[in-house]
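K.L.:
Chains D and A, in that order, are what the protein sequence lines are. So for the first sequence, my numbering puts the first residue at 9; every next one is plus one. So for the second sequence, my numbering puts the first residue at 9; every next one is plus one.
Hints are all accurate, no fakes.
A pair counts as met if it fits within one copy or between any two copies, since identical chains are not told apart.
Lysine-lysine pairs mimicking DSBU-like chemistry, simulated, CA-CA at most 30 angstroms apart:
id	residue 1	residue 2
1	LYS101	LYS147
2	LYS132	LYS182
3	LYS182	LYS380
4	LYS60	LYS101
5	LYS101	LYS132
6	LYS147	LYS132
7	LYS362	LYS380
8	LYS182	LYS147
9	LYS353	LYS380
No lab work stands behind these hints, which were simulated from the structure alone. If you're wondering where the values come from, they're calculated on a predicted model, not measured in any experiment.
2 protein chains.
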Amino acid sequence: MTSPVSTGYDFSAPSRIVFGWGRRREAGGLARSLGRRAFVVCGSRTLDSTGKLAEILQSLRDAGVEPMRAAMISSEPHVEHVDGCVSFLRQQKAGFGDLLLAIGGGSAIDLAKAAAALVAQQSKSSLRDYLDSAGDGPKISNMPLPVLAMPTTGGTGSEGTKNAVISSRDPPFKKSLRSEMMVPRVVLIDPELSVSVPPNVTAWTGMDAITQLIESCISRRSTPATQDIAVRGLELALPPRTAWGTGLPPGDLALVPVVSAFHDGSSRPAREAMAQAALLSGIALANSGLGMAHGVAAALGIHCNVPHGLACAVMLPAALRANLAVKNAGAQFLRAAIAMLGDRKMRLEPHSIKTIGAAAIELIEALLEELKIPRRLSEIGVTREQIPAIVRDSRGNSMSGNPRELSDDELTRILEDML
Amino acid sequence: MTSPVSTGYDFSAPSRIVFGWGRRREAGGLARSLGRRAFVVCGSRTLDSTGKLAEILQSLRDAGVEPMRAAMISSEPHVEHVDGCVSFLRQQKAGFGDLLLAIGGGSAIDLAKAAAALVAQQSKSSLRDYLDSAGDGPKISNMPLPVLAMPTTGGTGSEGTKNAVISSRDPPFKKSLRSEMMVPRVVLIDPELSVSVPPNVTAWTGMDAITQLIESCISRRSTPATQDIAVRGLELALPPRTAWGTGLPPGDLALVPVVSAFHDGSSRPAREAMAQAALLSGIALANSGLGMAHGVAAALGIHCNVPHGLACAVMLPAALRANLAVKNAGAQFLRAAIAMLGDRKMRLEPHSIKTIGAAAIELIEALLEELKIPRRLSEIGVTREQIPAIVRDSRGNSMSGNPRELSDDELTRILEDML
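One chain only, chain D, in its complex shape (with noise of 0.2 angstroms):
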């Protein structure tokens, strides 16, 4: 094993995770370790609607926890979505003895990160300032308030991460709040709640996962600690005893998971591997970055209004093409590829990287057609004029993870090739 020690190393994580179906009802005994007073930011109608979401409130109350709604939210939160959270917060006095319940997806939960941190510092600024490139604007020194995490969708690991992703139409962007104190306080995932996600969500979630976990093994700023957890959720993501292979009939991939729920959105054993596969993706990449499937898909999320996970499972076949080939992420694409088809490799030979990596992108691209998601950009609504647009767009913080340099040029013949 080469040593995560030699050079140093930075790991976040929350400080508690919780995790088990039905486990829900612990969240009251959860909102009271971290305080008194609970913002809850939710992110899902349906939870409200199913009386889910009044069953949570009231093990806040039976637990001595006052909850108070602050946001209700249902798409990628923007600029404004914060800025009305933080005013309300203010309104409201919050502060120490308080903390913000997130309930949802993604979205949820990147809204009350931004919010608590926002929130708990002097200045008053709207987020934009603190998004400001050039980086001059004000910054996150103080603590923010707790936050207690309760995802549903499988996917995004927003509930591991130390990012908020925030959207603006004028000017048009898509950029993070970054602060290690960011990262969620404590975690409480029931996989259950993530029954009633839709089919759709359920596949472009579960790929962000599968994404995530992907990019953060092969990243340039990956250690061996965040390939060892992307290694055990890609194992939970794509397990190995699944008997498909090289040639073989793709029906096998019906035990995958991701496609198991999607199908089923009742299976508990596919809920809970995708639950347990998200957090881990987050907690990963929150301590390894990215790579070019993220960085595309934030440009994709931004000039077409493209969903961030259906964004990201589009890009993924490419992005791997693209790295496949670099000579020094040879090692790390290596143990992902074999994390992610298992007991198949024994199918194949040669066990060069060329055949075990080119199984590994032929098993995710059998993946996007079994969820039903296209392959080319022109199907989810890119135009060759935009391109220009989404390679300048594609360079933030997710690029810099990925193992190769691309260049503008190669970029755009990429995304080209893929219209």
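Assemble chain A onto chain D, guided by the hints.
P.N.:
Chain A only, in chain D's frame:
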């Protein structure tokens, strides 16, 4: 892989880990992320006399954090130490915006964790009431003040655990104050701080870490995640590259980090490996529990005043022998033994749990000899008359993780054989 998700799990760990030789200079920025006033608990006069403590406190002032000395402790903490520290914190009106900075071994970190927890509770009771075994004393329900832990011994792993071990003389006991909320929020590990730890403490605390890694790996409460962490720790603490094997000269043990640090305290790779192994041992044990060696070690501390790490080391071979035969712990025991033996395993025929387990025990015994740690209880001051009391007080939380139930009779026989 057995999935950790089928039955649910709980996992606690520090929010943020910063690891690296010389990184103590970052203490100020990390403290600032937790508050504006830091109550300092220091465990080593050497750090003070060599100016290292002053250097750390200056980095706090430079970052806008006011350091205040709260306690200096050079032995395992007693109830009175904690009560005294809490009383000082109350005088200073410690609360929101304050943190505790613990610099030292397990004693200093445990004292800081206990004081940080107690000062945040409504009850003004003595720690003694919290530790009341009847269970009707006050409880930790409010979030403790945040703790920034800077371990210096590369041994106890207290920086990664949720308990504080506290002793009492009258009545004599050694008990844990325990809460999921007591895990230090931020851990800053600068292995350079451990170069001044004397050889005997290096050996004892190092063997404490190794015992924790093995016992948490084979504990009946272990999970795939805690086993992964423990195995990584064992690979660091007993690296597989040494050529040692059954019948080979023990001289090769010089390459084992704890031996290397014992002979040359300034060895950077040895101090780094042990610092990381100790952290991993703490995170693993906090989420898996321990076993017989730690159960008996607590009692040896109470009745015979044996330093904790030394007691663990002396008990480890007997604990491994007692557990080697357990049927349902076989897979875990094998995993731990293989991690301990590394490449040495290849020299063994046949590859059965019996040969591999025996070789792992032989390795530990050779290690103890190299570290000048006695094998017999009489050599550390235990008398036959004390054995009934030791057996009685071995039944704490640690023993409940042991893979095998041990009757009082059997434990008595084991201890008598070791006299």
